[in-house]
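S.K.: For the record, the sequence lines run as chains A and B.
What the first sequence shows, in my numbering, is residues 1 to 345, in sequence order.
What the second sequence shows, in my numbering, is residues 1 to 158, in sequence order.
Treat the hints with care, since some could be wrong.
Said to hold, decoys possible - Pairs of lysine-lysine residues, derived as DSS-like cross-links and limited to a Cα-Cα distance of at most 30 Å, are as follows:
1. K63/B / K115/A
2. K63/B / K244/A
3. K336/A / K115/A
4. K189/A / K106/B
5. K115/A / K14/A
6. K110/B / K189/A
7. K39/B / K244/A
8. K80/B / K244/A
9. K110/B / K244/A
10. K3/B / K115/A
11. K80/B / K27/B
12. K189/A / K61/B
13. K189/A / K39/B
14. K80/B / K110/B
15. K157/B / K189/A
16. K106/B / K3/B
17. K115/A / K39/B
Claimed, not checked - Some, not all, of what chain A presents toward chain B, calculated at C-beta under 10 Å:
18. S65
19. T101
20. S265
For the record, the hints were derived by calculation from the structure and aren't laboratory data.
These numbers were taken from a predicted model, which means no experiment stands behind them.
Idealized CB from N, CA, C, for every residue including glycine.
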Amino acid sequence: MAPPVVPPLQLLGKLGAGSFGEVFEGKDVVHGRVAVKVMSRAPTETEAEWDQRKAGLLAEAQSLSAAEHRNVVRVHSITEVNGGDSIHLCMAHCPGGSLQTCYEQGPMSLQAVRKVATEVTLGLDALHMRGMLHRDIKPGNLLLDSQGVALLGDFGLVTDRLLLGYGSGIGYKDHIAYEVWSSAQTSQKSDIWALGMTLYRLLHGDRWYSADPAPRASVPAGGYADSLRWLPHVPGGWRRMIRKMLNDDTTLRYQSAQQVLNALSQLETPAWRVQVNADSVRWELPVGDRLKVVEWSWQSPRKHKWVAWSEPLGSTGRKKTLGGCNLLQGGRQTIKELEDFFEGC
Amino acid sequence: MSKRLASFVVSGDDVKVVVAQVPADPKDPISIEYDQTWKLQSGDREPALCMLHQRCASFLKEKQVAAVLMKASAASPLAKVTLALLHSAEVRGVVIAAAASVTEVKTMAKNVISRTYGERNVDEYVKDDSFWTAQTTGGKLRAGSREAAMLIVASRKA
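Looking at chain B on its own, in the form it has when it is part of the complex (with noise of 0.2 Å):
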């Protein structure tokens, strides 16, 4: 039985969101839904961040999905750390923290799924159109959210 996922990709202050029913045999493409960036509230981030909680709880609700998948924060040790930086994790928070007030979350690390699926990284993956045909029907998938779809195809295989 096929079921809905939901994924989040934060950059800075936006949200890009990608939903997608999956079918069980993990042949079968995952159908795309919805695939939106969501920007955060211009103005006071406190009440921007109560916003943005309170959309990302009321979308999952509606969209009944089955569960979340996140990308997990990710830094060098040797990266510096800025506001942006800080501000970005800010709002991964919020949406987490709404996502679980939901549903299942499971936050995935890049290189983990580098690690784990197929033979290449993501980033190749991400760029290749090829992969990206066999893998989604439905709906179309902006290329730039195909990070935050990679989620939800790697997912299959965890």
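Isolated chain A, as found in the complex (with noise of 0.2 Å):
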């Protein structure tokens, strides 16, 4: 039998799985490479459930496909398969990959920090602006294209349902806002208050996230935004930021996404790299023909030290000591002193 003129989506490797199902590349016909997020029924899901979903992952796609943005993952097609009880969304493939890798390798620095920030806040805008919510914000789901411009990936996926119910499972449980957990209402302001949590884990790497309790536990308890704990590198305007938009008081959030935007273009973005370990942290700055040091290291909570340098980056020069402590410390003194040398800095 000759083959079909026009060949039917095929499914490549797997890139990997969300809440709500997998991602596998695929090969379309028209598109060349794209991502196919497979979703199924969920076994606590009745057939009438399934059908309202697919009812609205279909509107979410039809319009997701009319309105086209630079900052949003664009949506192909979508096709029932298996008998309906499974769904093929197809969408551009973004070869960055997402920001989950970046994030579980480390800190990123300030400067990509604020240019994701940026791109998918202007993405999220227009969405808002359509009136739409993504309800689903997280480093996952932030996708890079083959020009490292961020993408808003996976958006209207999710249902207010779905987020206190059977998805929730997999970890975004973590960006769920204050009064979602109450009221179970998502709306603009809970998809800044995600998108603000994803920016601290984005600034903190996995390693320091990942030491303190889960979000789950302690934001419905309220008070979460001043239980943050900063990288001391992290400058005052980032920190005022990303409490705004975790804020319990909806009323004292950025209001919207345009206002994220103005925050984000007044923040400082000096240009540390740092590299969080199991007991220390480092930062490199180059400046010129040197590089600066800091390091920070800890042999229990209350025996601490720092020490920071410059170097130089060829093979003349002398190392100069920059500052730090001479005996062991305490970890609270060691951060406000680390916090007074990056002020200075």
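Assembling the complex is the task here: the two chains are given apart, and the hints tell you how they should meet.
M.R.: Below you can see the structure in the form of structure tokens.
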């Protein structure tokens, strides 16, 4: 038998798995390389509920497909397969992968986080203006295209019912806003909360973030923004912005993505490279032909030390001490001294 | 039928943006939908200008404005050309380019508005609270944004 003139969408290797299905690399006759999200009926879902969700997915896919934006992953098509028990959502392939990988590797630079944040906030703003919500903003749903531009992915796949339902076991419950825990109602402001949580995680990396209790345990009690532990190089402007995004009171949070864009534009972005280890943190900042280095290490919660120096990037020149403590000291004192040091840089 | 217009006034690295719904009948006040100041991103100017272009184009596309009114560059013949003035002109150029990629753009010179709109000059209208009470409705218009809103008001007579 002759092969079909128009071959069907081919599923290739698995790219990853998310809250609501698996993502495969695909080959499409029109778009070439694509990403295909395969979503299936959940074991707990009734047929009526699944039909309702499919209808919602179709509506979202239709509006996304029609409303293209530079910072939102393009949806090409949606298809019902396996006798209606699965949905194939065919989207633009983002070869840069998701920011989950960057997050797991460690803290991103302030410059990189601001770039990503500005780009995805542009996408979020556009979608909010169309009356849509994301409901699932997290590092794994921020994707990088071939030019390194950040795009919002998995838009519109989550409903309020699913947010606090079966799909929550995969980890994104940590991005649920304070008011959603009691009201189960999402809004533009709960998207802004999730964006704030995402930025905090990208700035600190997985090791630092995971050392604290998961937000799902502490956010419902309130006051989460005040409990955040910051890496000392993160400037005050960043802290104020993220705390505002994570304010329990929705009237005190940024009211729109436009306001977030304004805040992002005013942030300082010193180019420290940061590495968080099990018992130390190291910062590096190239300045001209020298490298500034800061090291903070600890032996126990009460025994910390830090030292900062600059050294030549080439073979000539001497190492110069910039600061530090002579004796082991408490963690709080060390963090205070480090914050003062970074502020003075 | 009413239409949605946006106006921009650039001053230094600040961009004042006003969006209003403009009724067909010039006697009806314009309805303010958006009034904010965008600040050029801190740090290197090249990525900051690029981001401003993206933001401006995306915003205007999503707001579906019918046209953009831009305060024209102006300088007295005796004015000294400073770096700040040139930087401000860069910002204005980026906004004009971004807006023109999405919709129709019209630049309006302040002195021309003063000559062609009403009997007073623009600065006098800007200071007149009762004028703005009569001319606007809807969202709050900041006093500092009146010059931008004036472009929209004046365009109705043009």
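S.K.: List, from low to high, the hint numbers that the structure doesn't satisfy.
M.R.: 4, 6, 8, 9, 10, 11, 15, 18 and 19
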